[in-house]
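Student: Please model the entire structure based on the sequences and the hints provided.
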Amino acid sequence: MIQFSTWDILRNLLFAAEWTILLSLVAFVGGGALGLIVLFARTGRSTLLRRVSILYIELIQGTPLLMQLFLSFFGLALMGFDVPPWFAAGLSLTLWTSAFLAEIWRGCVEAIPRGQWEASSSLAMTYFEQMRHVVLPQALRIAVPPTVGFSVQVVKGTALTSIIGFVELSKAATMITNATFQPFLVYGLAALVYFALCWPLSKSSQILERKLNVAHRNH
Amino acid sequence: MAYVFDYAAIIPYAPLIAKGVGITVELTVVGGVLGVGLGIACAWARSLGPKWLRPPVSLYVEMIRNTPFLIQLFFIFFGLPSTGLQLGEMQAAILAMVINLGAYSCEIIRAGIEATPRGQFEAGASLAMTRIQTFRHVVLMPALQRIWPALTSQIVIVMFGSAVCSQIAVEDITFAAQFIQARTFRAFEVYILATILYLLLALLLRQVMRGLGSLMFPRRRVAR
Amino acid sequence: MSLIAITEVRKRFGDNEVLKGINLDVEAGEVVAIIGKSGSGKSTLLRCINGLETIDGGSIMVAGAHLAPDDAHLRALRLKVGMIFQSFNLFPHLTAGRNVMLSPMVVKKVSAKEAEAEARARMEQVGLGHKFDAYPDELSGGQQQRVAIARALAMQPLALLCDEITSALDPELVNEVLQVVGKLAGEGMTLMMVTHEMRFAREVCDRVVFMHQGRVHEIGPPAEVFANPKTPELQQFLGML
Chain U
1 MIQFSTWDIL
11 RNLLFAAEWT
21 ILLSLVAFVG
31 GGALGLIVLF
41 ARTGRSTLLR
51 RVSILYIELI
61 QGTPLLMQLF
71 LSFFGLALMG
81 FDVPPWFAAG
91 LSLTLWTSAF
101 LAEIWRGCVE
111 AIPRGQWEAS
121 SSLAMTYFEQ
131 MRHVVLPQAL
141 RIAVPPTVGF
151 SVQVVKGTAL
161 TSIIGFVELS
171 KAATMITNAT
181 FQPFLVYGLA
191 ALVYFALCWP
201 LSKSSQILER
211 KLNVAHRNH
Chain V
1 MAYVFDYAAI
11 IPYAPLIAKG
21 VGITVELTVV
31 GGVLGVGLGI
41 ACAWARSLGP
51 KWLRPPVSLY
61 VEMIRNTPFL
71 IQLFFIFFGL
81 PSTGLQLGEM
91 QAAILAMVIN
101 LGAYSCEIIR
111 AGIEATPRGQ
121 FEAGASLAMT
131 RIQTFRHVVL
141 MPALQRIWPA
151 LTSQIVIVMF
161 GSAVCSQIAV
171 EDITFAAQFI
181 QARTFRAFEV
191 YILATILYLL
201 LALLLRQVMR
211 GLGSLMFPRR
221 RVAR
Chain R
1 MSLIAITEVR
11 KRFGDNEVLK
21 GINLDVEAGE
31 VVAIIGKSGS
41 GKSTLLRCIN
51 GLETIDGGSI
61 MVAGAHLAPD
71 DAHLRALRLK
81 VGMIFQSFNL
91 FPHLTAGRNV
101 MLSPMVVKKV
111 SAKEAEAEAR
121 ARMEQVGLGH
131 KFDAYPDELS
141 GGQQQRVAIA
151 RALAMQPLAL
161 LCDEITSALD
171 PELVNEVLQV
181 VGKLAGEGMT
191 LMMVTHEMRF
201 AREVCDRVVF
211 MHQGRVHEIG
221 PPAEVFANPK
231 TPELQQFLGM
241 L
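Protein chains in written order, with full-length UniProt numbering: chain U, 1 to 219; chain V, 1 to 224; chain R, 1 to 241.
Check before you lean on any hint, since a few could be wrong.
Stated by the list, open to error - Once the Cα atoms are required to be at most 27 Å apart in a straight line, the calculated DSS-like pairs of lysine-lysine come out as:
id, chain 1, residue 1, chain 2, residue 2
1, R, K109, R, K20
2, R, K80, R, K230
3, R, K80, R, K183
4, U, K203, V, K51
5, U, K211, V, K19
6, R, K183, R, K230
Worth flagging that the hints you see were computed from the coordinates, not collected in a lab.
Tutor: As structure tokens, this is what we get:
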């Protein structure tokens, strides 16, 4: 058995954390882009698109992320696509993120007073023009705090990808534990690394929200 | 590419799945009740409790909310035995769920407490109630009523999170699904079935919470 | 000895001294109206007597016991002095009857049966015996305020403090509440009330206190105070009405 110092353990965890960060970024950016599309479908004028997007959001929010991971990992393989864990992980986290972000953003869009829609309609704008020039710029301001807040869920969600074999922070912790037999130390350190990633996001979300509330009160 | 669904292959495993549903329900109910209880205590401590109690409770809440449930579970199940605290899989899973839900529900319930009009506290005080009596009899129920929908969503999220407990060999729905998958290689069928079971359990849970809510809160309006 | 003895009481919020040395004695059975402009400190004074605000100087004694800021003393005081608020502050999740029963059961550990008998009697007293099982949101403002009075009475206080109890009510509901208070005064309850109802003050009260800029500016029997205001401030205040 190789001897690991605490520093060795931490260093290896930090290496693995890079994958956690990368996967979080992919899911967040990809999920954001897809979420925007779902948002347009969800708030748009086509009844069909609205129904489809509601079903999509309900299915993803109404089932465990772990099941979605299993389905895309094993399911895609059975359909003949030989997918590596990182692909299944990235795909399911992106879909998962898009559903939640779309729903968060819908709340922000709906918080914009009806008068704004009516005014821009009366100026003969199309739905996309209204969203692009009138509604989204206003919704964006109130959307920032909950969006940053949700990024914490994404980072924590990446831990589940260890279960389908993607080597990120949690998987690395398990591997190091198996080599060192020091679960208390290793999982404790892993928790601290996650905390170091997530806490600044949580805190800035809180601070942004407080600022927004103060700004609102002064209006 | 042409995949043929074959649900017959998993029928022999029905008892295992039924057991899995039972375990998931058990985890959710026990974890939910104890977790909300812990959440109420922590919410009281953080918003109305003695000053010295606030920093440790805040630390607990922040630690839990900013780390994955999986790591919390592994820390409890694999890590704690080295400190002499040996827990069975079920005990570890329930403890992890209680600690996890305790932190999340703390923040939700705290928001409900802080929305209480000041006059309610003053009315309690002017009737010679202690702070704890005012909290228990005057503040708590309306606060819970205010945040009942958010609390319901959180318990559903925690139930979904319980799928992770299969990783320490708790024989829940996910454990059954993985077991069957490994035996039959019918991944699609078995995971779709498991997903549907979670979906149904979530619907049922929401229904139960709604029923519980109308039992506990006979009045619809509460916040001013 | 006075039931309520207020001596040199001072209270400040930040830089703003709201009470600048108040002296006032209230005898048992006396009905005292406190009048004055908003910001004159009259509500703050009542809240200090109930311990909802801590005082920065002077002393308040109720039935011979000092008001001290620790929880045990405050609770002992509040067992003797009940308070009625402008905004009723009924507990929305409990029926009217339960609102009245709660404190006797929780604080005095009275049995549910006794508490209910007491609560029914108090609800009768304020003319709402038939609303025992109604929730606060099913009652009018006037009825809610009468339940609040019944709730305070159920603790069998020596005195009641009424803080603008009719100010949040629609005009047509003011009288039903004042009638209840008038009846209590007739039965010998000690009352201190901050009020804008001058007619009521004139007819029911034994003494009227005019507060101005954190001080007791003028005090006396209603006939004298209303008919013969001595200071220009009181003259102006009464003229304003």
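Student: Run every hint past the structure and note whether it holds.
Tutor: Checked hints:
For the hint linking R/K109 to R/K20, the alpha-carbon distance of about 40 Å lies beyond 27 Å, and the restraint is violated. About 35 Å separates the Cα atoms of R/K80 and R/K230, which puts this hinted pair outside 27 Å; it is violated. Under the criterion of a C-alpha separation no larger than 27 Å, the hint pairing R/K80 with R/K183 is consistent with the structure, at around 20 Å. Note on U/K203 and V/K51: the hinted pairing holds, with a Cα-Cα distance of about 21 Å set against a maximum of 27 Å.
Distance hint between U/K211 and V/K19 is unfulfilled; the C-alpha atoms sit about 49 Å from each other, more than 27 Å. A hinted pair counts as satisfied when its Cα atoms are at most 27 Å apart, and R/K183 with R/K230 does not qualify at roughly 31 Å.
The structure shown violates the earlier hints numbered 1, 2, 5 and 6.
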